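Asker: Work the whole structure out from these sequences, hints included.
For the protein sequence lines, the chains are A and B, in the order given. Under the working numbering, residues 1 to 270 are what the first sequence spells out, in order. Under the working numbering, residues 271 to 540 are what the second sequence spells out, in order.
There's no promise every hint is true.
As the list claims (entries may be wrong) - No more than 30 Å apart at the CA atoms, straight line, and that leaves these computed lysine-lysine pairs for BS3-like:
| hint | chain 1 | residue 1 | chain 2 | residue 2 |
| --- | --- | --- | --- | --- |
| 1 | A | LYS159 | B | LYS293 |
| 2 | B | LYS387 | B | LYS429 |
| 3 | A | LYS23 | A | LYS159 |
| 4 | A | LYS117 | A | LYS159 |
| 5 | B | LYS429 | A | LYS159 |
| 6 | B | LYS429 | A | LYS23 |
| 7 | B | LYS429 | B | LYS293 |
Think of the hints as simulated: they come from the structure by calculation, not from any bench. No experiment lies behind these values; they were computed from the predicted model shown.
There are 2 protein chains.
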Amino acid sequence: VSGPIDSLQNTHVAAARALLTRKGRTAASSFLVEGPHALGEALAAPGLEVGEVFITDATADREVGLLRAAVAAAVPLRIVTDRVLASLGDTVTPQGVVAVVTMPSIALEAAFAAAPKLAVVLDQVADPGNAGTVIRTADAAGANVVVTTRGSVDVWSGKCVRSSAGSIFHVPIVTGVTAAAALEQARTAGCMALATAADGDADLDDLVDDGSLAAPTVWVFGSEAHGVGTESRAAADHVVRLPVYGRAESLNLAAAAAICLYASARAQRR
Amino acid sequence: VSGPIDSLQNTHVAAARALLTRKGRTAASSFLVEGPHALGEALAAPGLEVGEVFITDATADREVGLLRAAVAAAVPLRIVTDRVLASLGDTVTPQGVVAVVTMPSIALEAAFAAAPKLAVVLDQVADPGNAGTVIRTADAAGANVVVTTRGSVDVWSGKCVRSSAGSIFHVPIVTGVTAAAALEQARTAGCMALATAADGDADLDDLVDDGSLAAPTVWVFGSEAHGVGTESRAAADHVVRLPVYGRAESLNLAAAAAICLYASARAQRR
Chain A
1 VSGPIDSLQN THVAAARALL TRKGRTAASS FLVEGPHALG EALAAPGLEV GEVFITDATA
61 DREVGLLRAA VAAAVPLRIV TDRVLASLGD TVTPQGVVAV VTMPSIALEA AFAAAPKLAV
121 VLDQVADPGN AGTVIRTADA AGANVVVTTR GSVDVWSGKC VRSSAGSIFH VPIVTGVTAA
181 AALEQARTAG CMALATAADG DADLDDLVDD GSLAAPTVWV FGSEAHGVGT ESRAAADHVV
241 RLPVYGRAES LNLAAAAAIC LYASARAQRR
Chain B
271 VSGPIDSLQN THVAAARALL TRKGRTAASS FLVEGPHALG EALAAPGLEV GEVFITDATA
331 DREVGLLRAA VAAAVPLRIV TDRVLASLGD TVTPQGVVAV VTMPSIALEA AFAAAPKLAV
391 VLDQVADPGN AGTVIRTADA AGANVVVTTR GSVDVWSGKC VRSSAGSIFH VPIVTGVTAA
451 AALEQARTAG CMALATAADG DADLDDLVDD GSLAAPTVWV FGSEAHGVGT ESRAAADHVV
511 RLPVYGRAES LNLAAAAAIC LYASARAQRR
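Answerer: Next up, the structure:
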């Protein structure tokens, strides 16, 4: 019986390590998921394919339920040393297990086919932590679709997957489309389109007060540096500004998204 | 005439470099501020003392207004090479200027003396990005005080200062007190105390509906891993839960804080 894999040159290990870069992920249409909790979510997600699992002996001993679920799904298990496992993650504290998961491929039309009540478009968002946090908040607010436009950060990066805290496996994610295409599809599906900008024509509080937010809505959030793009602004029913009562110049993207999405969620449930 | 400082052993440079660690900041009661925008905010902040400015030749040529403001405030300017400037920052893209700023020392009693309408306590919050983002959101929502409890992340770290986007210079920050002391002071000043937890006894939407949020309020947000501490829970008027409509287990701390603080800001202005 051979021991745990200890070679970074092992073909499986090397192929998985290639997924630490966006180029490698795109080429293989796969990404990495770290930790028992996230792997459990990936195994439970309908339509998501877990390709293989790298796990240390110690973690395998501890995570019996997870191993059973992986075996039940016929996922190959590879026992590796701590050193190999650490090489597959980009965190300081690896959690003993890393899995290779096939990127879901969801077409824009399919994502909007069921007439979502709440959808989110991330337009050229650059920060993976912000993108993951917005996906998590969108999930919490009951959103049915998240779209990231061409030119946005890779949502399948380790940082974004971690920041989503499992929500990347709960909400259908469409990537690599233009903002114009996303908004056209959303409006065809019956959504009001709202973009956010500091110089918006509508105040969020006014939309809450006049009942507008009860309608099915797609929210567009723009990049941290440049805000929403011109095509999103042009296609939106309203460009919405959030009130700033103090001396801050603006809100962080994830904070602004939380306020907007929860305003919609509340209005839609009244 | 000597050229720009190029030695990392220069006494001013070495003293400033010591401020990259929490230990060094605490010992010197000073912290570092990076970039022209943040330095401008620091120079403009009442009661804040900028000790010295390290700047590259190129940045000095470009930022004439900033230099004038520094000279007007009698702040020593030290021209340094790119290499020295890079050694004073913890970002990949240094912005040409770093300043040493004395930590403001604000007593709990003083911070609450003016009966704030909206205050925030960060109870054992560990992530500097989250702490800075909450400070930024608190500023935007019009909060008058932010307190971080003993055991919380150092708000004067580079990451936290950057994440606050200047708001750390807008809102009085009290650090290093217990949650119990902060809540007692806030309640003495007339604030309702609200802590947040997934198993809270009150739903945020209900507090919005029944008008409770119009009262002066101190919000307590707990650590990312463990939530609010037992002493905060015990001292709070309500432990508030945020509704989760989808499958997310919880919200990110900064997202949750944004929703709560904006709910208060809106209710207080109706």
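Asker: Hint by hint, note whether the structure agrees.
Answerer: Verification of the hints:
1. A:LYS159 - B:LYS293: holds, 28 Å
2. B:LYS387 - B:LYS429: Since the Cα atoms of LYS387 of chain B and LYS429 of chain B sit roughly 28 Å apart, the hinted pair holds (cutoff 30 Å).
3. A:LYS23 - A:LYS159: Measuring from Cα to Cα gives roughly 16 Å; hence the hint holds.
4. A:LYS117 - A:LYS159: holds, 28 Å
5. B:LYS429 - A:LYS159: Since the Cα atoms of LYS429 of chain B and LYS159 of chain A sit roughly 16 Å apart, the hinted pair holds (cutoff 30 Å).
6. B:LYS429 - A:LYS23: Holds, because 28 Å separates the two Cα atoms, which is no more than 30 Å.
7. B:LYS429 - B:LYS293: holds, 16 Å
In this structure, every one of the numbered hints holds.
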